[in-house]
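Let the sequences and hints guide you as you build the complete structure.
Read off the chains here:
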Amino acid sequence: MKVLVPVKRVIDYNVKVRVKADQSGVDLANVKMSMNPFDEIAVEEAVRLKEAGTATEVIAVSLGAEQNQETLRTALAMGADRAIHVVHDGELEPLMVAKMLAKIVEEETPDIVILGKQAIDDDANQTGQMLSGLLGWAQGTFVSKLELSDGGAKVTREVDAGLETVALKMPAIVTVDLRLNEPRYASLPNIMKARKKEIAKKTPADLGVDTTPRLNTIKVEEPPKRQGGIKVGSVSELVDKLHNDAGVI
Amino acid sequence: MAILVYAEHDNQELQSATLNAVTAANQMGGDVTILVAGSGCGSVADAAAKVAGVSRVLVADDAALGAQLAENVAPLIAGMASNYSHVVAAATTTGKNVMPRAAALLDTQQVSEITEVVSADTFVRPIYAGNAMATVQSTDAVKLVTVRSTSFDPAVEEGGSASVEAVSGAADSGLSTFEGAALSDNERPELTTARVVISGGRGMQSGDNFAMLEEVADILGAAVGASRAAVDAGYVPNDYQVGQTGKVVAPELYMAIGISGAIQHLAGMKDSKVIACINKDEEAPIFQVADFGLVADLFQAVPELKGELEGQGIQAR
Numbered sequence: 340m341k342v343l344v345p346v347k348r349v350i351d352y353n354v355k356v357r358v359k360a361d362q363s364g365v366d367l368a369n370v371k372m373s374m375n376p377f378d379e380i381a382v383e384e385a386v387r388l389k390e391a392g393t394a395t396e397v398i399a400v401s402l403g404a405e406q407n408q409e410t411l412r413t414a415l416a417m418g419a420d421r422a423i424h425v426v427h428d429g430e431l432e433p434l435m436v437a438k439m440l441a442k443i444v445e446e447e448t449p450d451i452v453i454l455g456k457q458a459i460d461d462d463a464n465q466t467g468q469m470l471s472g473l474l475g476w477a478q479g480t481f482v483s484k485l486e487l488s489d490g491g492a493k494v495t496r497e498v499d500a501g502l503e504t505v506a507l508k509m510p511a512i513v514t515v516d517l518r519l520n521e522p523r524y525a526s527l528p529n530i531m532k533a534r535k536k537e538i539a540k541k542t543p544a545d546l547g548v549d550t551t552p553r554l555n556t557i558k559v560e561e562p563p564k565r566q567g568g569i570k571v572g573s574v575s576e577l578v579d580k581l582h583n584d585a586g587v588i
Numbered sequence: 316m317a318i319l320v321y322a323e324h325d326n327q328e329l330q331s332a333t334l335n336a337v338t339a340a341n342q343m344g345g346d347v348t349i350l351v352a353g354s355g356c357g358s359v360a361d362a363a364a365k366v367a368g369v370s371r372v373l374v375a376d377d378a379a380l381g382a383q384l385a386e387n388v389a390p391l392i393a394g395m396a397s398n399y400s401h402v403v404a405a406a407t408t409t410g411k412n413v414m415p416r417a418a419a420l421l422d423t424q425q426v427s428e429i430t431e432v433v434s435a436d437t438f439v440r441p442i443y444a445g446n447a448m449a450t451v452q453s454t455d456a457v458k459l460v461t462v463r464s465t466s467f468d469p470a471v472e473e474g475g476s477a478s479v480e481a482v483s484g485a486a487d488s489g490l491s492t493f494e495g496a497a498l499s500d501n502e503r504p505e506l507t508t509a510r511v512v513i514s515g516g517r518g519m520q521s522g523d524n525f526a527m528l529e530e531v532a533d534i535l536g537a538a539v540g541a542s543r544a545a546v547d548a549g550y551v552p553n554d555y556q557v558g559q560t561g562k563v564v565a566p567e568l569y570m571a572i573g574i575s576g577a578i579q580h581l582a583g584m585k586d587s588k589v590i591a592c593i594n595k596d597e598e599a600p601i602f603q604v605a606d607f608g609l610v611a612d613l614f615q616a617v618p619e620l621k622g623e624l625e626g627q628g629i630q631a632r
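Residue numbers (this note's numbering), protein chains in the order written: chain A, 340 to 588; chain B, 316 to 632.
A few of these clues could be false.
Dumping the calculated BS3-like pairs for lysine-lysine here, alpha-carbon to alpha-carbon at most 25 Å [said to hold, decoys possible]: (1) K508(A) <-> K484(A); (2) K355(A) <-> K371(A); (3) K570(A) <-> K371(A); (4) K341(A) <-> K540(A); (5) K570(A) <-> K588(B); (6) K355(A) <-> K442(A); (7) K570(A) <-> K341(A); (8) K564(A) <-> K588(B); (9) K541(A) <-> K341(A); (10) K570(A) <-> K621(B); (11) K570(A) <-> K595(B); (12) K621(B) <-> K588(B); (13) K359(A) <-> K558(A); (14) K355(A) <-> K621(B); (15) K389(A) <-> K484(A).
None of these hints come from the bench; they were simulated from the model. Remember, predicted model here, so these are calculated numbers, not experimental data.
Have a look at this one:
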């Protein structure tokens, strides 16, 4: 079984985001970038499938600037076998990404594509579902448990009311939630080995996908700031403030 | 213009998130039609027809739609979308699952989880866990939009008299099968609509200790939530999680107990009207957003809080 894992390079989740003064976007200059945390979980799941003998090959894909190579090297160091880099400067909307991934799926014919459920930069939560729609494949989103058997996958999904179990026909798309697994740190020998693994390069034009944006970003602003409050000295003072001052209890 | 709102429901009841989506749709301007896709969902359609500001209800009642699997629902939405300027759904796990698939079928770039309608084609949405707000304009012919419920008042549930029409065209794709659900058996108010929310974090130290919060919640008529850390540690189920990737809440009062206040947690609760916190670490970032902060050991403070509320006869409103 072949597994495809798309990975996105995003601002590291620990970095405090700063909006640019001209409101054109978020300042990405000299900011630490990392693999989207949900995508790390996806890579981990794929590598575990390979270690369990279920998967034969794990292919990582990333779309974006030259530096996305670093993100792919991380995936390779975690255990992916090879990588594909679609080189593109500038923003890519989820629909374009899904279209390019659909082309790569046609070329690589994986049995399953495992993605993060959302990227922590645009918080769109769309790419996996869009890819499933374009391919006409089954989709299991927000997955906290994945079981593969002959010709099918069983997924446990984290939904608003609890958990849901859905059986998927293969090939299938799975988008992963936080509690599927805990991703490993790549070991130094594996980081060294990853340097020798192949990263094939492509362009959006190679894949025949138009990258004209559908959304115009008019402006990006800071959210309204919350006024800092006060510290109270005791539980009774807290209750007094909530009951008599704020009137919320 | 006509706007299609995808109803959030469980085949029995219309969920309140639909009412917030109707308000957002009305702000976009145009006749609002609600699509109820389900199985044996007649009572949902009746409830939808009574919602103020809705002119038409379309019911797709078919066994294939019972579990609202995206593979079966998305083609239905895509098939009717050309009659509308917008398709709107609540940004619930159902809306998030179904809408992008429909958007791909329509070759449309969805706008996710909007918090404000600027005009018929321009919307505000949070990015980077709400640390930035983007105003985006859609150039697609049919706009697909999901709505953050806490940012829009609910439409009035009564007073409308929309027509109810059956629609056909539903089919089972055969791609996926719903096998079952393990839903939280929770008597308390729902997290996303509760007037008061009391949440516990890693500081709670165990699932059993959440009983303390539940006792306070019962007095205040509050919902109980949790930080990601508490859910990851297995103290409480996933549906308790408040945050960037869990539920977004905006109650009158949010009480954070033993929660440090990681960025991704703040993203899910910082629009609450009043925030109170109890944490023994006075450097915890939660104090920077709390209106009222108490530096204390929660294992002493929470039972004391319960006693104080009982002593003063404070009850749920």
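* Enumerated hints in conflict with the structure, sorted upward -> 3, 6, 7 and 14
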